[in-house]
Every structure is written in C-alpha cells, then in structure tokens.
Amino acid sequence: MKSKHNESRRAFLVSTVAGAGAVAAGAGLAQTQQPEPVADHTHDNGGKLGAFLNQDDSAAIEAFTERLMPGAPGQPGARDAGVLNYIDLALAGAYADLQDFYRRGCAALEDHCRKTYSKSFAQLTAAEQDAVITAMTEGKAPSFTWPTSQAFFNTLRTHTMEGMFADPVYGGNKDFAGWRLVGFPGAQPVFTEADMASREAFTRGPILGLQAQVRRS
Amino acid sequence: MATEKADVVIVGVGGTGGILAAELSKAGMKVIGLERGPRHKTSDFAGQDELRYFQRQDLRPNPKRQPVTWRPNANARAVPMAPLNYGNQVGGGTVHYGAVSWRFHESDFRVRSQTIERYGASAIPEDCSVIDWPLSYAELEPFYDRAEYDLGVSGKAGNLQGRKIEGGNIFEAPRQREFPMPPLFVDNSARIFEEGVKKLGYHPFPTPRAILSEPYKGRPGCAYCGFCSTHGCHVGAKSSVLVTTIPEAEATGNFKLVTGAMCYRIHSDNSGRVTGVSYYGPDNSDNTVEAEIVILSPFIYDIVRLLLLSKTSKFPEGLANSSGHLGRHVMTHIGGRVFVAFDDRYVNMFMGPTAQKHTIDDLNGDNFDHGGLGFILGAQVSVQGPGFDAGPIAASVGMPPPRGIPNWGAPYREFIAKYFARHAALNAQTDNLPFADQMIDLDPDVRDAWGLPAPRLTYDWRRPSERARVEYMLRKTEEIGRAMGATHVWRANERPGSPGGHHQGGARMGSDPKDSVVNRYGQSWDIHNLFIAGGSIHPTISGFNPTLTMQALAYMTADAIVNRYKKSPGPLV
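One line per chain: the protein sequences are E and W, in this order. First residue of the first sequence? That's -4 in this note's numbering, and the numbers climb one at a time after it. First residue of the second sequence? That's 1035 in this note's numbering, and the numbers climb one at a time after it.
FYI, nobody ran anything at the bench for these hints, they're computed from the structure. Just to be clear, a hint being listed does not mean it is correct.
Taking beta-carbon pairs under 8 angstroms as the criterion, some of the chain W residues facing chain E (in silico) [claimed, not checked]:
id : residue
1  : Val1113
2  : Leu1342
3  : Leu1343
4  : Gly1386
5  : Val1431
Listing some non-contacts, in silico: residues in chain E with all C-beta distances to chain W over 10 angstroms [claimed, not checked]:
id : residue
6  : Ala102
7  : Ser113
8  : Thr140
9  : Arg152
10 : Ser193
Covered by chain E, per the in silico footprint, the following chain W stretches (three or more residues, Cβ under 8 angstroms) [said to hold, decoys possible]:
id : segment
11 : 1079 to 1093
12 : 1272 to 1286
Predicted model, so just to flag it, every value in this text is computed and none were measured. Glycine residues also receive a C-beta, built at the ideal position from the N, C-alpha and C atoms.
Next up, chain E with everything else stripped away, as it sits in the complex (with noise of 0.2 angstroms):
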C-alpha cells in the first residue's frame, strides 16, 4: 500500500515538472470530463505536498538526493529511502532555520540548470545532473551566491545521509532503507561478548528502531 503510495508521489512529482498538470489518482477521471487547462493547476496540490517545501523544490531536492545516494537493484538509494521526506519534516521543524537557506539554495540550482540546460534539475538527465552536482562542488555555478554552491551541496549531503540513516521516526530510512544499505542493526539494546567477537556480519535477530522492527531474510 505504502509503495504504492509512493510511487504515485513519484509520478505526480515527475508530471507536474513536465508540465503535464497534476495526474494524482482519480484525476484520469476528471479529465475525460473536462478538459483542464494547464495554468489552472496552481491550487491543486493533489495531496502531494509536503510541510514546507513547494511541488517545484520538492522535485528538484528529490532529484538531487537521488544523484547523491542512488538506488541501485538490492541498494536502496535516497528515493527509497524517503530522503525528501526526512528534509521536508526537518525543514518545517529542527532545520526551521534553513528554510531560506534551501529557498534560495533552489532557486539558485533552477536559475543555473536553466542557464545551462534550458531545463530544471529534476528534468535533467542523469549525467546532465551529475554535471550540475560537479559544477557546484567546484565551485563552477556562479547563479549561486548565498548560499555558495559548495555549502548548499556540503548541506545537502549531510542531510541525505541523515534521512537515509536516522531512525525512521524522523522520515527517512524508510523500512530501513538506509541500515539495510550498510547492514547496521539499529537500536539494539546488548550486544553480547561473543557478537563483539565475531568476524561475521551481525544477523542476529531483528532491525530494531524507535517505533518498529524488522527481522532480516
């Protein structure tokens, strides 16, 4: 149910950067009834939207986290993981204070994708992204001022790996996600004399986190 979910969030956020207007279940309907204009979706939020960050932004961070962790088959990456999640949640509560950080953090990557590209990040082919990504480390992406390129990028980074490996309570690391990537265990209360002695990998019972747990196969 939940990945379902998911991957609705998943192609809404793709066709609304397409322009295509807001595809959410039930809209298939909608449209064989009346023809939507596409300006007129600016309102509809489709139920898709986050605590803080807008449908634009949200696609772009999406995007860039995936770029920084990606999924691969058996490794999950910062899409699965719920990483947009995590900062949305952060964004709107702990990180309040990065709000503008982000805001004007986004609008500079938007203003040097389209410089670039002709196009927004989200919309941008993987090595096109991976590009911009180098570009920023590098200091080669003169739209951004403050924040500068590397500190977005160093910010971003960091908060990639907090949602990919904070406790799920925050968002992020979804099913685990992120501890199944790197096999950490989780909240385990004890570990015994003969666990810390083993030069094996730790399978002894479950992924143990705040509010859940989740036996490996």
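Chain E is fixed; fit chain W onto it per the hints.
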C-alpha cells in the same frame, strides 16, 4: 527576585561540580548548585537515537542560545563555533562522554622540568608558556584512587606499586591498587588493533573507562549497545556524576539543585572576598545566592567569562586576575585520524562503548625518545568509532572515503554499503602545548540569549612544533593500520586551525601567583574563598582524556575545604 543563603554555591553541576556537591554536603555544609541545563533521568536515554544525540548534539549547548566565538588570530573576525564540545545538563559532559578515564603520567605533571632535563631548554618552543603543575602525581594518587572507586572505573593495572604488568598499561604511573573492576569486553576492533600493534612492538591494553563491566554500587554492567559517546546511557552503566555523586549529595539533605539557572555575576566586597552570585532563572527571574564559598565548575568558557564580567573597582581586570593570566594558555586535543577498512572480515564497530576502545601508550608523553624529532610530547593512539560515535551517521558524515572515491554518487554508495561494517577509525590524540596568546576573552559583538557577551576564543594550533607532532603521529598511525592487515588505510583531511576536543586551560594552576590564576587546590591566589574546578585549571593537557584528572583534583579540593579551609578560612598555600 529571590535571595538565598548557603555555605557554598557551586556554579555548574557537572563532572567536577557534582563531586564537590557530594563531598561538601556530606561534610554537613549547606550547598546550592546552579546548573544552566536540564536534569535528565536514565529512562530519558531509552531512545537510542544517533540523529538526536550524535548529529544534532542534544546533550551539548545550543550554539545559537549560548554562542562561543572563535577566531584564528587577533586580526580575524570571530564567528560562532559549532558544535560546542561540552555538556549542558546536570552531570555535564559526564552524561554524554565516552567515559575514558585516565590517570596522567608522572611526567605530565612536570613537562617543563622533564623536557629541560632530558632534551635541554631549547626543546621547548620559544613562545610556549608551559609550566610544571604545582603538585606531583604521587600527591594526586590517593584522589585518583578515590575517583576510580567512588565513581566506578573498569580497567587493568599496568603498574601496581612499581611492578609492571603485561596486559595493562605498562607506561602508567604507579597505582596503589587494582581498578575496582575488570576491563570491559574486548571487541573485534580491539582484537585486530591488538594483533597489529604487537607486530610493531607496542603494548596494547583495554582503555580504562568509567563504565561498569559488572554490577557496582547498585548499578548494572554495560550492555554494549554502542550508543555511548555523545549519548546518555540507557542502563545507567556509565559512571556519570548524574547517577553517582549527585544522588549522594541529595541524600544528605544538605544539597539543593537549581536547574535552568544562568549565572551572570559573582559578587565581591571591598575586603577582597566573594560574597555570592546572581543568576537568571528559567522564568528569567533575577536571583541571588549569598555564600561563604563560591566554587566555579562550568566549562572553561563560562569560568573565564564570569570572572571577567564580575570586575569591580577593586578588581578592574576581572576577579582572580591580578596575574593577567586569566583566559590564557588554552589548549585542545588536536590529533590525527586514520581510517582502516577490511575486505576479509567484518569489524562491526557499532558494538560496545565507542570512544577510545583499545590503546597504546608507547607514543604518548615522554614514553619515547624525542631527540631530533622537532617536537616534544606525543599522543594516545586508540581504535574507536569514526566520530567517537560509531553509527552510520557518524560514519557517513565523519569519515571521508579514501582518496579516489568521491563522497557522493554510486561509487560512494558502494563504498559505504561495503565498508560500514568493515571499518575502524584510529585516533592519535595529541598532547598540544600551551601558548599565552591562545586565549579566551569577551566578544565585543556577539551576545548570548541572556544578553551577556559571548566568550571569544583566539586560537590556531598550527605552529611548527604542533604540526610536526601531528604529522609524526599520523605516519605512525598509518603504519599501525597497515600492520592490522587493512585493505585500505587512509587519513582524514587535515584539520583547519580551529580547536579540537577537550578544551582546557584559561585559569591555570601554578606555584607562582604571577603566572597562574589558582593554586594546587583550585583556590584563587587573589580571593581565598573563590575556588575553580575542572579542566580550566590544567597547566598542560597530556595526550589523555582529561575527566578523571579533573575529578581527582575536585576530590582534592573538597578534601582541603572540608579538612582545612572550613576550620580556618584563608589561603591554603
């Protein structure tokens, strides 16, 4: 606006203030302890949460409310430091520390004399302000013993009354008796470290830690959960003063703890005595405690700031500062970090206490010949988690990948996925020297949430002798990594000039009132009823973690107050 009276007021109820509170209240003195932060319970730490405690620094001062600024030199503009590497709660840093509990070497108490005797005066850098401690190891030994047994420290003796014992630290200063309990379990990383360093002729041993290896005084032994350094202990096995001496103090009925109390001034009269302190309460109320004895035991920044803020026409340069040395000679542990990763085994670094787990002392202090090396002193070299914490956030933000692997993208994912459970960090914690211009004063521009000037640190460790020591230790530590059989051995990026951990100095003790702030008892040379406890009084820092030495000195100060000062107030030296 409330005024209370007490025999003693203690500002800062942390790793040393908590000991003084217990010792003085047990002796029948009425004690009020003022603590800026909150009081936690052991049950608060049931939620083992790396984001909250390691990454977001939940047990440390909020740098926005309580800024401390730093600048590399007097010409630079100071900017707020983050994170602030000390505690902000009842129990202070002992709540979240890694609980590494050393006795300093005999030579650590006399660096100046020892260096001159062995290498000549020219071995000390010209601008270095190092002085000997005003006491010897032997004089402090009974109080080290007291701290180890009162608080609960696990370890193995390496020098019992002069008899060297393999498996313990054979370089340690002689101790009168064994530790109160055996060492903690030796984990996989420690075993690999041990095998490696033995090939190089070093003498490894389990690091002594104030963590119970077996039940002790009603508390349980360690559960080895791995949420340790930067975290509070979820079973109460870490011997924080929060679960040791503070309950003892409260049981006397003579100790009153006030939390959320921000002390902003020490009062003094024209006779040259201090008379009490004023503080803002959690409701912003303005309150005063009048007391016969004032003890300052917050972290070093607030000690210096409070004394400077409390200046009067009689003490125009701040209290306890007739020498002009208040705020000076600040030192921090710099050190070099090396990472190792293995293809042929798992290490599972996330298990067990995460700070310095297993150690060699061969390269520390004056335990090796420094002739021709271009520096004196050395480093404690240990195996530990990459950020003292050892979870995946610490590994991913605290451990840069080896050269040639970017820190993002598919190559980084492959790296962290493969090596998170197969890496270890090695830390050479260097003994950095004091210099008079490494100093704390008041920031003219930045104020804290109470409107008080922020403490400002002027500091840059990158002097030739200090760099030479760090570089030497990095090379030695890389050798250790290779001897451990690691597939990959690589260094952390070079540190900038900013301070490392374990900030000490600023109110140093000495034998001469002209070049020190307090005497061996932490008693101000200028004001005999004003005492200072904690790392600010250390004249040198050694390569060892400082807490047990701070605590032994606090026991010594308490002993002097109870047995001498209480009967006949006046200078103790």
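Do the hints match the structure? See the list:
1. Val1113: violated, 14 angstroms
2. Leu1342: violated, 30 angstroms
3. Leu1343: Violated: closest Cβ of chain E sits about 28 angstroms from leucine 1343 of chain W, beyond 8 angstroms.
4. Gly1386: holds, 6 angstroms
5. Val1431: Valine 1431 of chain W check passes; min Cβ-Cβ to chain E is 6 angstroms, inside 8 angstroms.
6. Ala102: holds, 22 angstroms
7. Ser113: holds, 24 angstroms
8. Thr140: holds, 19 angstroms
9. Arg152: violated, 6 angstroms
10. Ser193: The assertion about serine 193 of chain E is violated, with a minimum of 7 angstroms to chain W.
11. 1079 to 1093: With 7 residues in contact (Cβ-Cβ under 8 angstroms with chain E), the coverage given for the segment 1079 to 1093 of chain W holds.
12. 1272 to 1286: This one is violated; 0 residues, fewer than the three required, reach chain E with a Cβ under 8 angstroms.
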